[in-house]
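2 protein chains.
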Amino acid sequence: MTIFVIVTYDVNEKRVNKVRKILKKYFTWVQNSVFEGEITYGKLEKCKRELFSVIEKDEDSVYFYEMEYKIVCNKKVLGQEKNYDSIIL
Amino acid sequence: MTIFVIVTYDVNEKRVNKVRKILKKYFTWVQNSVFEGEITYGKLEKCKRELFSVIEKDEDSVYFYEMEYKIVCNKKVLGQEKNYDSIIL
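Chains Z and X, in that order, give the protein sequences. Heads up: the first sequence at position 41 corresponds to 41 in full-length UniProt numbering, and the numbers run straight through without jumps. Heads up: the second sequence at position 36 corresponds to 36 in full-length UniProt numbering, and the numbers run straight through without jumps.
Misleading hints may appear alongside valid ones.
Given that identical chains are not distinguished, each listed pair holds provided it fits within a single copy or across any two copies.
To be verified - No more than 30 Å apart at the CA atoms, straight line, and that leaves these computed lysine-lysine pairs for DSSO-like:
#1 LYS18 to LYS76
#2 LYS57 to LYS46
#3 LYS14 to LYS25
#4 LYS43 to LYS25
#5 LYS25 to LYS46
#6 LYS75 to LYS46
#7 LYS82 to LYS14
#8 LYS14 to LYS24
#9 LYS25 to LYS48
#10 LYS43 to LYS75
#11 LYS14 to LYS43
#12 LYS46 to LYS70
#13 LYS24 to LYS76
#14 LYS21 to LYS43
#15 LYS82 to LYS48
#16 LYS24 to LYS43
#17 LYS25 to LYS75
#18 LYS75 to LYS18
Read the hints as simulated data drawn from the structure, not as lab findings.
Looking at chain Z on its own, in the form it has when it is part of the complex (with noise of 0.2 Å):
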């Protein structure tokens, strides 16, 4: 069973791109800060702490808004919808 979470970050230069890389491995890349995408719950533990053993947990910010259905989550875009998964970090 799969999940629906968006994941927003803020987070030091240095430590950014680390996080980018485990972000990527698990969910979309959809706006400079934002990943988003479904997942399990198993996979989504995995990430975290992964996540949780390169942030500096007193400095770094990192949110997932966890739902149980994507359909309760309706998304609206104002100006361009952005996707960096082309990216290579």
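Take the given structure of chain Z and dock chain X to it, following the hints.
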């Protein structure tokens, strides 16, 4: 009736403060590029109209993740939970 909305943005430096000033009227500034909060449909549409007049449609990107009930969205924090509401723009 209010809905719960997460707003994320990737906007050119020249326009980002204008965007933030508008969003601060309607939402809570919870991370560098993220606002969130509960809002009526009427005010949400008003907020979007104001943003639409400020952003550059073919360059800037603003996402509205809209959910009927806040309870469907479970927010988890890794590291710091930030709040920029006290910042004067």
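So, going through the hints one by one against the coordinates:
no. : hint           : verdict
1   : LYS18 to LYS76 : both (29 Å within a copy, 20 Å between copies)
2   : LYS57 to LYS46 : within (17 Å within a copy, 37 Å between copies)
3   : LYS14 to LYS25 : within (20 Å within a copy, 32 Å between copies)
4   : LYS43 to LYS25 : within (10 Å within a copy, 37 Å between copies)
5   : LYS25 to LYS46 : within (11 Å within a copy, 37 Å between copies)
6   : LYS75 to LYS46 : both (26 Å within a copy, 17 Å between copies)
7   : LYS82 to LYS14 : both (24 Å within a copy, 19 Å between copies)
8   : LYS14 to LYS24 : both (17 Å within a copy, 29 Å between copies)
9   : LYS25 to LYS48 : within (12 Å within a copy, 33 Å between copies)
10  : LYS43 to LYS75 : both (24 Å within a copy, 17 Å between copies)
11  : LYS14 to LYS43 : within (25 Å within a copy, 39 Å between copies)
12  : LYS46 to LYS70 : both (21 Å within a copy, 26 Å between copies)
13  : LYS24 to LYS76 : both (22 Å within a copy, 19 Å between copies)
14  : LYS21 to LYS43 : within (15 Å within a copy, 37 Å between copies)
15  : LYS82 to LYS48 : both (24 Å within a copy, 18 Å between copies)
16  : LYS24 to LYS43 : within (13 Å within a copy, 35 Å between copies)
17  : LYS25 to LYS75 : both (22 Å within a copy, 21 Å between copies)
18  : LYS75 to LYS18 : both (27 Å within a copy, 22 Å between copies)
Hint compliance for this structure: no hint is broken.
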